[in-house]
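Chemist: Below are the chains, spelled out letter by letter.
Protein chains: 4
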Amino acid sequence: MNTFEEVVEAKGHLIDSGIMSQILDRVIEHKCTFEIEKFLVGKTNDDYSLARIKIQSHSSESLKELLDILVPLGCYLAEEQDARIEPALGSGRVPDDFYSSTNYRTYVRLSGNWKLVQEQRMDAVIRVDPDGPRCGKLRDIRKGDLVVCGHAGIKVVREFKDRERKDFTFMASEISSERRVEVAVRQLAEMLHQTHAARGKIVVVAGPVVVHTGGVEGMCKMIRGGYVQAFLGGNAIAVHDIEYALYKTSLGVQLETGMPAHEGHRNHMRAINFINQYGSVAAAVEAGALQSGVMYELVKSKVPFALAGSIRDDGPLPDTICDMVEAQARYAVLLKDAEVVMILGTMLHGIGAANMIPSWVRTVCIDINPAVVTKLSDRGSSQTVGIVTDAGTFLHLLKEQL
Amino acid sequence: MNTFEEVVEAKGHLIDSGIMSQILDRVIEHKCTFEIEKFLVGKTNDDYSLARIKIQSHSSESLKELLDILVPLGCYLAEEQDARIEPALGSGRVPDDFYSSTNYRTYVRLSGNWKLVQEQRMDAVIRVDPDGPRCGKLRDIRKGDLVVCGHAGIKVVREFKDRERKDFTFMASEISSERRVEVAVRQLAEMLHQTHAARGKIVVVAGPVVVHTGGVEGMCKMIRGGYVQAFLGGNAIAVHDIEYALYKTSLGVQLETGMPAHEGHRNHMRAINFINQYGSVAAAVEAGALQSGVMYELVKSKVPFALAGSIRDDGPLPDTICDMVEAQARYAVLLKDAEVVMILGTMLHGIGAANMIPSWVRTVCIDINPAVVTKLSDRGSSQTVGIVTDAGTFLHLLKEQL
Amino acid sequence: MNTFEEVVEAKGHLIDSGIMSQILDRVIEHKCTFEIEKFLVGKTNDDYSLARIKIQSHSSESLKELLDILVPLGCYLAEEQDARIEPALGSGRVPDDFYSSTNYRTYVRLSGNWKLVQEQRMDAVIRVDPDGPRCGKLRDIRKGDLVVCGHAGIKVVREFKDRERKDFTFMASEISSERRVEVAVRQLAEMLHQTHAARGKIVVVAGPVVVHTGGVEGMCKMIRGGYVQAFLGGNAIAVHDIEYALYKTSLGVQLETGMPAHEGHRNHMRAINFINQYGSVAAAVEAGALQSGVMYELVKSKVPFALAGSIRDDGPLPDTICDMVEAQARYAVLLKDAEVVMILGTMLHGIGAANMIPSWVRTVCIDINPAVVTKLSDRGSSQTVGIVTDAGTFLHLLKEQL
Amino acid sequence: MNTFEEVVEAKGHLIDSGIMSQILDRVIEHKCTFEIEKFLVGKTNDDYSLARIKIQSHSSESLKELLDILVPLGCYLAEEQDARIEPALGSGRVPDDFYSSTNYRTYVRLSGNWKLVQEQRMDAVIRVDPDGPRCGKLRDIRKGDLVVCGHAGIKVVREFKDRERKDFTFMASEISSERRVEVAVRQLAEMLHQTHAARGKIVVVAGPVVVHTGGVEGMCKMIRGGYVQAFLGGNAIAVHDIEYALYKTSLGVQLETGMPAHEGHRNHMRAINFINQYGSVAAAVEAGALQSGVMYELVKSKVPFALAGSIRDDGPLPDTICDMVEAQARYAVLLKDAEVVMILGTMLHGIGAANMIPSWVRTVCIDINPAVVTKLSDRGSSQTVGIVTDAGTFLHLLKEQL
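Chains as they are written, first to last, in the working numbering: chain A, 858 to 1259; chain B, 858 to 1259; chain C, 858 to 1259; chain D, 858 to 1259.
Chain A on its own, in the form it takes in the complex:
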């Protein structure tokens, strides 16, 4: 009955990563059957395992769908073949069976050699350029570009959760509001120290709640201390930061006293109007008109930043990038070679950034809403760990450790 079959192999920490379990689950869910032809188990924590699995299905369609799912999990066809390369049909148009990338390290077999894919990111097309394969956005594909299709000749290497990293246990923890925030902050501070000392790149992605909850001082200290190599956000964090620098309010709340200034939404519009007269945030800083805050420190420390616009923006500031294709491009440039990405109180820009980074970048999401981190994980950014607390308190605690 199940007359269609394919033999796949997988290699790595198959058991302790849980990958083997996932592979078999997926086979069953697709109403296919499996037979494990070979299974060499790593004897100790340092050894790899190897599995060779025969998969059978009642239809070639269903088998293809299953392979669509197994290849990203690290399975590759046992019989080694080159990847199939097809020319793009037009701008942003590729054959329907194009390979859609994950954020895991990927190799493609070309002319008998396995080549590492460059600029790894998820939901991309793998374009084969003269100098090798690389991830590209569908929208950047042009007619005739060569793209990888089908399942042959593709190997995905899934990192397993790095169990040896004894120092950063919080990275192994599940998301929960019942965990000890202090411990996680202490370990994160240590990670930032190490990255900083090794001149690694730290990127901060932040939402306006950093300002509302009193995190400006902490963020400024991070920037001055050299712990931020790039800063990503939207129009709102910049507007509220500048509002706070100029008028000591944030969305009209007087941050020093907590006194609610009901309906006092006017100051954020004043802040935009204020910057408009200088033409940019940097110009306002240089003119001595803006003298404190996150944006001020970024300019002073020459940390590059990108503010992406959104449908809910007021203003926006002259620095805000209104075109989303351009904003994504700028985000991608600033995220390149990041080693640690900290996402503070912003689901929108957090997902935006997480979409662009490979799986091996350490991503930490700080949010008072546990659902935000869960959502990041659901989208495939499973490397993301979360600390459930408000951004202001987090930065206060972190400041003490840096």
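Nothing false has been slipped in among the hints.
Any copy, or any two copies together, can satisfy a pair, since identical chains are not distinguished.
Below, computed lysine-lysine pairings styled on DSS-like, alpha-carbon distance capped at 27 Å: (1) Lys900 with Lys888; (2) Lys888 with Lys1105; (3) Lys900 with Lys868; (4) Lys921 with Lys1105; (5) Lys900 with Lys911; (6) Lys921 with Lys900; (7) Lys972 with Lys868; (8) Lys1193 with Lys994; (9) Lys888 with Lys868; (10) Lys1058 with Lys1193; (11) Lys1078 with Lys1256; (12) Lys895 with Lys911; (13) Lys868 with Lys895; (14) Lys911 with Lys868; (15) Lys1078 with Lys1157.
Keep in mind that the hints were calculated from the coordinates and are not lab data.
Place chains B, C and D on chain A using the hints.
Modeler: Same frame as chain A, but now just chains B, C and D:
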């Protein structure tokens, strides 16, 4: 000591709306003092009240700040004067004491006459054109445009919660997950019926969760029934709707069976690639290639739609507006003269739309997260009422009533 | 048509408290009509207002229902009469129109004199004892006890939000996770200082999340510093505190390292077994067997505590009160004369305590879930203010201020 | 260096259940090392796997702690020995190394024979009675009772997620508010049908939110249809159900119209007073005084129920069990042999019930707050699946399917 003073008046349902209480609270919070010189209370529910209040402060600065807050609450200077009009200083540049608008009905006194402000929306500048005052975005202001500044000659009319609307009690309810969803849906259905019968405009703002939670069929029925005059969303709802129409999955989940297709994120990229070959959603519908779903029904029923891009988009679809200034302009056009706005499972586009509409538009936000509605209210869209449930279930219940 | 009528009066800060607005809203909602016969408005913030309102209804039943709601809001019948007193019909049995108390200060008119009700709490019966009226639980009523019925002769005094309390602005704030936690903590610390200096009573109500999130040290410091006069909780906080003192884990998590000890639920059972051999927590402390933690400090500082059992308890500890009637009685004793009540991470015991305290006790609820505070407010404990953060971080910040 | 060692074996669906991965993770986390001496993998989905693992540690203490965690995961000492049995030291007092049970099926080796443990539940002691081993609460242990200690002679059988259950895919889904509620309800209805047809036992655990959200009618239909064999709750669900039956309000909200009856908390006290005159709910039903609602249907259909008291109860009703030890005992009796347990809108009673049931009982938790289900899972009730929606809507949808 408090030698700076100003006498203001307010008129309307001051007590039952809670406005009078708010006015006095704000005075005290600003460390100013008040004396109620006159207070004529409406005897019955139909009568207006009138208050005349002398406010004293120790500094002119503090008095100005207080007036910044009292004017939006409906207070106006007792001594009638014309509004102060100043020319804009440049593109997107106005004097620092420009009046920042609310979403409440506003009148401006010009040459002794009170004129209704057109295109009322919040966080705008009031520009005085030859044919009268209107709200304008700061970014659209050009050098020399005349804008309203200061506090004189401005009257804001706050609607109070419409207590007579016995039929729509859910609109008076506080947001809570402990309320009866069925009752709220029944009343909302009745409101839609009445609006539809009177040829009023209903605008839907929807996020992709409508698709994930199984709301496509219900939404399609609404569109076919003529209950949707404009549709606002982002790239994601369109992509996942088309993914579902073509492949019966949504973010890789098989919606009919609930079977999770883990890591099966490929189909939404296929959907984008599919539409790319036609050049637009409408072209795909016309070619007979897209044959069902929300986007299909919108095209078939000739309901105008706007898809705003965002930093987290994949693709995007050719129909998605990538420039945020353009997207906001398109949203504003489609929201014009709306009588009912339904926001379904999207905070981002919900706030984007709510920013643009005047306070008298009935806005209903359906979200499983009570915090979303609270956030909408916090931003000043106090007319927004919430129904706490998931979009799919909501549309299932609503479908039964339409 | 509306032939049934009643004239009521209300006195106090009717406008700035929002009470007047509420009274009129309730009349309309009950489809009754009102006529404001007199309204003397307080000229300044220090003056009271007085309202005299004629209410008309189409049925005597509906008028009675409305009065059920207006009397707790501070309205009293304009025509002064004694309260109606009826004998209880049996144990826990009173006439159906008994007056159900609020937590606001209440006076009852007896033989022409207004008498203050003792032991004010909500959802109680007012029993008239020889020495005056007092609140009593329905279950404690015995046949023949005299209880207040109907609406005549009852005056409820609603405190309005104390606008003069400039120092504690956080108490006026709405619940939001977008506020600055540090400011609220600083002000709360100041409130605790003042209460402590004046030898006022501070009661802590705490859940096990205090232990899980690393708050033990902070709580111990509060106890040693004399900032806790009584401690209320359940079985779980004591078990996990002792588990942590003995084994350095909490629900099996190693708190110092954050290392998750999956499935390591055994230690909390060991802790119970450990205490069982001494017969009580106090005995284990005295024997030198338990040497640290919250329970240890309570015993050492002779702070009385009450642990209420629940359906989900393991053990329970010998100290846990398994009978709920007894546990409520013990809670009530410890809450008597409290000036500040801090509720930390427990909805169950928080509502239990809040049910028992009068409205003028300052109640602060610290919880990472904003819904918990909202729920406390919904139940009528509107005096409760919330700080949205996790208990461990909160106690860490508070510790720095004490 | 690691001179302490132990060889364990595990058998079953080790890979597809993820158990093997967990075992190895725990070894590493405890800084021990492993060597897989044997690993026979099941070739197909129907075959078991067998693993034999040598574990080494630097201390005997750390090895013991690790075994505390591995035994519940299904590992047993490779060298077969009888379980070690020790006499209890007193009432509620056992040796410190007693075995604390899980809710998974467990066998104990006595005199060379593996015996199934009766009355399996978590956090219990295994007592060896003359007729065999059974789980017992620590508090029920008496001096001299024989209890299982250490790690030898204990086998825990972990069920893996039942992948063949194609009909109930929702049971395999992760908790998310972005899933399709309708599909889950349809499958749950089918499960209830099958259980009902096979005369299996269905137990409902419900909180008062069932009444507030309009679920009374749906629940009544379930009871009348024979889909409820036992009903567990607290005082509140009964009080509010009776309040609704008598006065059509729930916490003062008129459920039919959704009209909020602010401050109208009096009716729930009237309901208690009403029942008090009859002495019990059943007596009120028999007297014809209570004629509708959930409690009415339970009495009429002779479905046994248990109402557990809590510290936050008003009243309580005469039927409410105030003693928690007695309440737990009554819950345990009603849960015995349950096949399906439905938990509706109550974390407190849900955890109470979940603590008592073995892992093979299908448990479904319906709650609008995803955190409730997560919390149930965290506590070890990993068999629990969740449907994120409000109870009223859920019962409305379910009613259509039954």
